[in-house]
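Q: As you go down the protein sequences, you meet chains A and B in turn.
When we follow the numbering used here, the leftmost residue of the first sequence carries the number 1, and every step to the right adds one.
When we follow the numbering used here, the leftmost residue of the second sequence carries the number 1, and every step to the right adds one.
One thing to keep in mind: the hints can contain errors.
[Stated by the list, open to error] Here are the simulated lysine-lysine pairs, DSBU-like style, with alpha carbons at most 35 angstroms apart:
hint, chain 1, residue 1, chain 2, residue 2
1, A, 39, B, 92
2, A, 39, B, 88
3, B, 92, B, 159
4, A, 39, B, 159
5, B, 88, B, 159
FYI, nobody ran anything at the bench for these hints, they're computed from the structure.
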Amino acid sequence: MTGAPFLVFGYGLATVLYGGYFLRMALLRRTLQHQLRAKLEVG
Amino acid sequence: MNSQSTSQLDRAGGQAPAGKNIRRKWPILGPLTLVSLIVFVYFAFFFAPEDAEQGQTQRIFYIHVPSAWISFVGFAVVFASSITYLTKRSQKADRLAEASATIGLLFTTVVLVTGMMWGRAIWGVYWTWDPRLTSYLVLWLLYLAYIALRAYIPDPARKARFSAILGIIAFLDVPIVYLSVLWWRTLHPHVFGPGGGGMPGQMLAAMFVGLFTFTLVFIYLVRLRLQVGALTDAVEEDQS
Numbered sequence: 001m002t003g004a005p006f007l008v009f010g011y012g013l014a015t016v017l018y019g020g021y022f023l024r025m026a027l028l029r030r031t032l033q034h035q036l037r038a039k040l041e042v043g
Numbered sequence: 001m002n003s004q005s006t007s008q009l010d011r012a013g014g015q016a017p018a019g020k021n022i023r024r025k026w027p028i029l030g031p032l033t034l035v036s037l038i039v040f041v042y043f044a045f046f047f048a049p050e051d052a053e054q055g056q057t058q059r060i061f062y063i064h065v066p067s068a069w070i071s072f073v074g075f076a077v078v079f080a081s082s083i084t085y086l087t088k089r090s091q092k093a094d095r096l097a098e099a100s101a102t103i104g105l106l107f108t109t110v111v112l113v114t115g116m117m118w119g120r121a122i123w124g125v126y127w128t129w130d131p132r133l134t135s136y137l138v139l140w141l142l143y144l145a146y147i148a149l150r151a152y153i154p155d156p157a158r159k160a161r162f163s164a165i166l167g168i169i170a171f172l173d174v175p176i177v178y179l180s181v182l183w184w185r186t187l188h189p190h191v192f193g194p195g196g197g198g199m200p201g202q203m204l205a206a207m208f209v210g211l212f213t214f215t216l217v218f219i220y221l222v223r224l225r226l227q228v229g230a231l232t233d234a235v236e237e238d239q240s
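Model the full structure from these sequences, guided by the hints.
A: Encoded structure:
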């Protein structure tokens, strides 16, 4: 028994969850930075 | 540009509002986390030998245990921050509690699923109502409730106060999870601590690299979440 599918699923899920959260937050940070900069420039 | 705008941009480090201050404190954190992740993959898949009995399935251990450790650390941060909020009414403490709970829940989810994968491969079942598994599921539900509570209370002060109380109560489950393998008969492997089985040196090294790496990942994600929180406040402040 190698258990490779379970191993791949476990590590894959962790990558998707941690990586997905990182990407979501990084993109949100970028969007908010642009929004604030635009507002400050207009103001 | 007026002085208020200048102040916001100062917080922004000239370009990136608010979060830049946090980033400036630990400029090496991002690269260090990335390098550590690469080293972790090498240790988990190449350096650590294949287990004679469990085969490749045993390598789930290197992500399961460090994630469990971080879930405890995350909820300890929620606990400490909640006490700080209730005693000092510190907004920073409330934000830290929220960030730690969200990311802690992420790690807890990975622990539950990787545990189920290991259980299916070794025990032949995804789930059994074992004391360790059950108490950990309760922990996951408690922090899910914490996040839900924060989402459904509109008033910021009430949200912070009620979630702080729940954050303190929920943490009581952490020592129960940790000690469950000593208090009750359990199927869950007991590797570390009193009466633990221990493990060979190379596997232990991979596990410690995992602990170090996931601690960095946790700190990095919390920092990112705090930056987003500070930016959201700055944008909303600017709108009002």
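Q: Compare the structure with each hint and give your call.
A: Hint check results:
At roughly 25 angstroms between alpha-carbon atoms, residue 39 (chain A) and residue 92 (chain B) fall within 35 angstroms of each other, so this suggested pair holds. The suggested pairing of residue 39 (chain A) with residue 88 (chain B) holds, with an alpha-carbon distance near 33 angstroms, which does not exceed 35 angstroms. Between residue 92 (chain B) and residue 159 (chain B) the alpha-carbon distance is near 14 angstroms, which keeps this suggested pair within the 35 angstroms criterion. With a CA separation close to 29 angstroms, the supplied pair residue 39 (chain A) and residue 159 (chain B) stays within the 35 angstroms bound.
Under the criterion of a C-alpha separation no larger than 35 angstroms, the hint pairing residue 88 (chain B) with residue 159 (chain B) is consistent with the structure, at around 16 angstroms.
No hint from the list above goes unmet by this structure.
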